[in-house]
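Asks: Produce the entire structure from the sequences given, and follow the hints as far as they go.
Here is what each chain is made of, one letter per residue.
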Amino acid sequence: MDRNLFSSSIGKKVIVAVSGAFLMSFLIVHLAINLTLIIDDTGLLFNSAAHFMATNPIIKIVEPILALGFAIHILYTIILTLQNMRSRPVRYARQDLSGASSWASRNMFILGGLVLTFLVMHLFHFFIKMKYTGDPLLDVKVMIDGELVKNGYLLVSSFFKDFLVYSIIYIVGAIFLGLHLVHGFWSAFQSLGLCNKIWLSRLQTVAVVFAAIMALGFSIIPIYFIIFF
Amino acid sequence: MATDNILKNLILKVWRQASPKDKGKFVTYTIQNVSTGSSFFEMLDLLNDDLIRKGDEPVAFDHDCREGICGTCSLFINGKPHGPDNLITTCQLHMRKFKEGETITIEPWRSAAFPVMKDLIVDRNAFEKIIQAGGFVSVNTGGIPDANAIPIAHDAAEESMDAAQCIGCGACVAACKNASAMLFVAAKVSHLALLPQGKTEATRRAKAMVAKMDELGFGNCTNTGACEAECPKGISIANIARLNREFLVAKFQD
Chain A
1 MDRNLFSSSI GKKVIVAVSG AFLMSFLIVH LAINLTLIID DTGLLFNSAA HFMATNPIIK
61 IVEPILALGF AIHILYTIIL TLQNMRSRPV RYARQDLSGA SSWASRNMFI LGGLVLTFLV
121 MHLFHFFIKM KYTGDPLLDV KVMIDGELVK NGYLLVSSFF KDFLVYSIIY IVGAIFLGLH
181 LVHGFWSAFQ SLGLCNKIWL SRLQTVAVVF AAIMALGFSI IPIYFIIFF
Chain B
1 MATDNILKNL ILKVWRQASP KDKGKFVTYT IQNVSTGSSF FEMLDLLNDD LIRKGDEPVA
61 FDHDCREGIC GTCSLFINGK PHGPDNLITT CQLHMRKFKE GETITIEPWR SAAFPVMKDL
121 IVDRNAFEKI IQAGGFVSVN TGGIPDANAI PIAHDAAEES MDAAQCIGCG ACVAACKNAS
181 AMLFVAAKVS HLALLPQGKT EATRRAKAMV AKMDELGFGN CTNTGACEAE CPKGISIANI
241 ARLNREFLVA KFQD
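In order, the protein sequences belong to chains A and B. Residues 1 to 229, numbered by my numbering, are exactly what the first sequence covers, in order. Residues 1 to 254, numbered by my numbering, are exactly what the second sequence covers, in order.
For the record, the hints were derived by calculation from the structure and aren't laboratory data. Glycine included, each C-beta is placed from N, C-alpha and C at the ideal position.
Quick look at which bits of chain B chain A covers, simulated, 3 or more residues with Cβ under 8 Å:
| # | stretch |
| --- | --- |
| 1 | 72 to 79 |
| 2 | 108 to 115 |
| 3 | 167 to 179 |
| 4 | 205 to 214 |
| 5 | 219 to 228 |
| 6 | 232 to 244 |
Here are the simulated DSS-like cross-link-like pairs (lysine-lysine), alpha carbons at most 30 Å apart as the crow flies:
| # | chain 1 | residue 1 | chain 2 | residue 2 |
| --- | --- | --- | --- | --- |
| 7 | B | Lys129 | A | Lys197 |
| 8 | A | Lys197 | B | Lys199 |
| 9 | A | Lys197 | B | Lys233 |
| 10 | B | Lys13 | B | Lys25 |
| 11 | A | Lys197 | B | Lys177 |
| 12 | B | Lys54 | B | Lys8 |
| 13 | B | Lys21 | B | Lys54 |
| 14 | B | Lys13 | B | Lys54 |
| 15 | B | Lys212 | A | Lys197 |
Replies: This is the structure we're talking about:
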């Protein structure tokens with residue numbers, strides 16, 4: 001067997017599964033921090049969390065790994081998708097998969113593309129401003145533990161309060177993410193072989209719950225600012 | 001029991017392709033007076049009878065046992081492998097599943113690994129090649145072993161038999177949006193890996209069969225589950241998880 005694990009179809013899927021699982025763990029942290037936006041209207045909690053994330057050495061190490069995780073996940077899904085397109089050179093004139101598989105499972109690449117499009121936009125809205133370019137709103141500094149820090153809360157809350165269109169886009173983005181996760185979550189376990197007849201339905205149920213928490217959790221933030229401010 | 005009705009008129013949109021190199025195209029035929037009690041193949045037999053009488057080339061399609069156990073028949077009917085019914089092969093499909101005046105689209109399996117030979121017949125030798133790569137238990141010569149000499153847990157025997165139901169028809173490949181053969185390979189790996197006789201060669205088998213599957217141009221599984229839904233034998237995608245496990249364990253031992 002001269003072939004390397006990661007040149008095999010299953011090996012490439014393992015890469016997608018592991019990187020996907022890593023990205024999902026990031027989402028849990030991301031959502032947990034974001035929910036402080038609606039828990040504390042003074043913004044103190046969110047600003048403390050943001051300050052911690054921006055200064056903690058472990059997070060500094062994890063940040064490029066996270067970027068790499070995205071890159072690997074995207075690269076390998078592109079490779080797999082291109083191969084899959086070649087595996088059926090002549091398409092069916094009529095194909096009905098509606099009863100056989102879920103819409104999300106069949107459109108993971110498109111959903112992933114939509115999530116990526118959202119992600120790029122999202123990075124420009126907050127991450128790049130907070131880390132690199134700065135913003136007048138961030139300069140309205142707040143005192144945290146005797147230290148003046150950037151006011152991320154003001155940037156985020158004003159964004160959702162002032163731009164209804166963006167708030168809606170963020171809700172739609174969260175829905176796309178949820179649809180991507182509803183298949184991606186259990187699929188990662190399946191690709192790693194961590195599944196059997198009993199756990200198949202259990203994992204699929206957990207996937208629905210996880211995806212719902214993510215989609216609702218992320219969309220509740222813009223909804224909160226639209227309704228209460 | 002309800003009596004059979006007569007479908008007075010049906011429109012058939014059939015893929016016609018003279019040879020593997022021919023481009024192929026859909027040809028539309030009409031067929032009259034088909035009993036709902038007749039099988040789909042009997043309907044095609046009627047069409048071919050008509051074509052032969054007219055001096056035309058009959059539609060070529062694979063069929064053999066006509067009782068759903070040999071895996072020879074195929075056909076992608078109205079967007080689904082083996083047609084609209086569940087847990088059956090095309091030979092078990094009856095015309096009562098169709099409506100008066102309906103247009104029925106009949107296509108061959110579409111996969112780079114299953115080239116069309118003629119009309120609706122595809123070459124499924126790729127499956128044989130995967131089996132040849134490792135889908136067997138090597139038996140040395142010697143005396144006949146006692147059938148019950150090796151204890152096998154009932155659950156394992158049942159699960160193995162469930163996987164062994166695979167008739168190698170290729171519906172999984174045909175149904176999959178990626179034309180992946182993972183359910184077929186998973187079934188073949190599973191029914192052997194679950195039994196003590198098959199365990200001995202399990203690591204070599206999983207690696208060899210997956211390598212052959214990749215080499216033959218089947219797509220990569222994306223766990224959509226369409227294969228299981230369309231499998232005439234209802235083989236579970238839990239077998240794919242087992243194949244992944246067997247393969248990864250084998251690879252990490254390298």
